[in-house]
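Novice: Spelled out from the first residue to the last, the chains are:
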Amino acid sequence: EPKSLRLSETRFPKQRRNPFFVKRPPFPSPPHRRLPSLGSRSSSEIKCRKLIMGKWSAMWLFTRKSVTGALFGLTISDRYGSIVPVTGSSMHPTFSACDARFPGYLKADVVLVEKFCLEKYKFSHGDVITFKSPTDHKQTFVKRLIALPGDWVQVPESSEILKIPEGHCWVEGDNAACSLDSRSFGFVCSSGFDSREGDTCDLATPTNKPSGKKEGYRENFTALIYFVTDYLLFQARFIQLLNLHLPFASRP
Amino acid sequence: MSTAGSRIASFLRGAAARFGKVPWREIREDAFERAALVLKAACFVHVVNAYVVGIAFVRPSSTVRGPSMLPTINLTGDVVAVERVSPRWGSLAVGDVVILLSPENPRKTVAKRVLGLEGDAVTFVIDPARGSAFQTVVVVLVYLLQVPEGHVWVQGDNIYSSRDSRQFGPVPYGLIQGRAFCKVWPPEAVGLIGQKL
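Each protein sequence line maps, in turn, to chains A and B.
Residue numbering for the first sequence follows our numbering, beginning at 1 and increasing consecutively.
Residue numbering for the second sequence follows our numbering, beginning at 1 and increasing consecutively.
Hints are supplied without guarantee of correctness; some may be wrong.
Some chain B residues judged to face chain A by a derived CB distance under 8 Å, without partners named [said to hold, decoys possible]: (1) Phe44; (2) His46; (3) Ala50; (4) Pro106; (5) Arg107; (6) Gly150; (7) Gly174.
Honestly, the hints are just simulated from the structure, not real lab data.
Even glycine gets a Cβ: it sits at the ideal position worked out from N, Cα and C.
With the rest of the complex left out, here is chain A (with noise of 0.2 Å):
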């Protein structure tokens, strides 16, 4: 019985809508002179052009299907969420802290970031988020939002009291002793953001972590990821600092 075709083979047969598909001209025929070997050498360029075509075909074919999925895994990452690694001891107890050199690289605590809020710009006190430090747009820095625009919040650790201007926010690390965060840099714009991170996930904390959900976290994941990494959080959008509270004069 007939091979079943696709609906749009039977009108355009594969080779034909492929355009890369195409028939390769034949080797050039060996000279008349080289009669006495010419059935040998034919079979044999034969094979050789069977070999080289099909070699070529299945690396044309990976290459399209990494690119296909390098398109993808970019605009989903860029537009949706995607998965991080999360180095450094500024959030300790939330996540373990670890080098961001190579061997303590690999215990790092992955993550889950989502980028849907990035839409409306709303965030919640005590989200976890991802940002571009305002001294340097290459690295990305996760804190904990502990402000939002309109709120006043007291520096830690000084008596000053300041209002966080309109679309910035203050963002504090959980282990306050080494966290590079708001205290040193100052307001970190909103514009900046570049992701949030969720809830901490309930089923794999390891006892030395504190279990359970932690006040002002979203809850964004769904249970198939529970089984993909120890934490998920989402990584919270880049959070750009403007230092509108220092005076401009002071700065080096």
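Fit chain B to the given chain A structure using the hints.
Specialist: Here is chain B on its own, set in the frame of chain A:
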């Protein structure tokens, strides 16, 4: 009635047989293939727009201050081509017109010109209308400051009605989305955007 009933029954049987003969699997595969093609095209457009070059419609802000980038950008708005490679590469120069997220409202993008990179000393006048020749006592406050690390100083070309770094301070570099290098619409305004006013 019985003949009508039997006719209906035979029609239904025939319909079921015809339903079974439709090549559903081929149709489904074809549909998936076409949907995948559309998705691939959409992803390609997104990647090109975000990483190579995109198009942006620059219109004057709707505040009472009015158009901030005259005469470079028209009063009624121009469509500009925005290239995304320079900011990522770090090759922005003073005098580039950039598209950036507004530090005051993250949902707004503004177009301004870069007048100072990190470490530069910038001189600016907050309220140029004050320095008018019609006043007998001219008091012009000129500020000088150094742009902090990781920030840029942006100003609109039309300093008389532009809300820019003179109001909200130096802007972090990461807020810059792209460099507007060429106007593409309206046709009589097509051309490269220059480096100076």
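Novice: Confirm or reject each hint.
Specialist: Results of checking the hints against the structure:
1. With its C-beta approaching chain A no nearer than about 6 Å, phenylalanine 44 of chain B sits inside the 8 Å limit, and its interface hint holds.
2. At its closest, the beta carbon of histidine 46 of chain B sits 5 Å from a beta carbon of chain A; the interface hint therefore holds under the 8 Å criterion.
3. Satisfaction of the interface hint for alanine 50 of chain B is found here, the shortest Cβ-Cβ separation to chain A being roughly 6 Å, below the 8 Å cut-off.
4. The criterion of a C-beta within 8 Å of any C-beta in chain A is met by proline 106 of chain B, whose closest approach is roughly 4 Å, and the hint holds.
5. The interface hint given for arginine 107 of chain B is met, as the beta carbon of that residue sits about 6 Å from the closest beta carbon of chain A, less than 8 Å.
6. Evaluation of the glycine 150 of chain B hint against chain A yields a held restraint, the C-beta minimum of about 4 Å falling below 8 Å.
7. A distance limit of 8 Å between C-beta atoms decides the matter here; for glycine 174 of chain B the minimum to chain A is near 4 Å, and the interface restraint holds.
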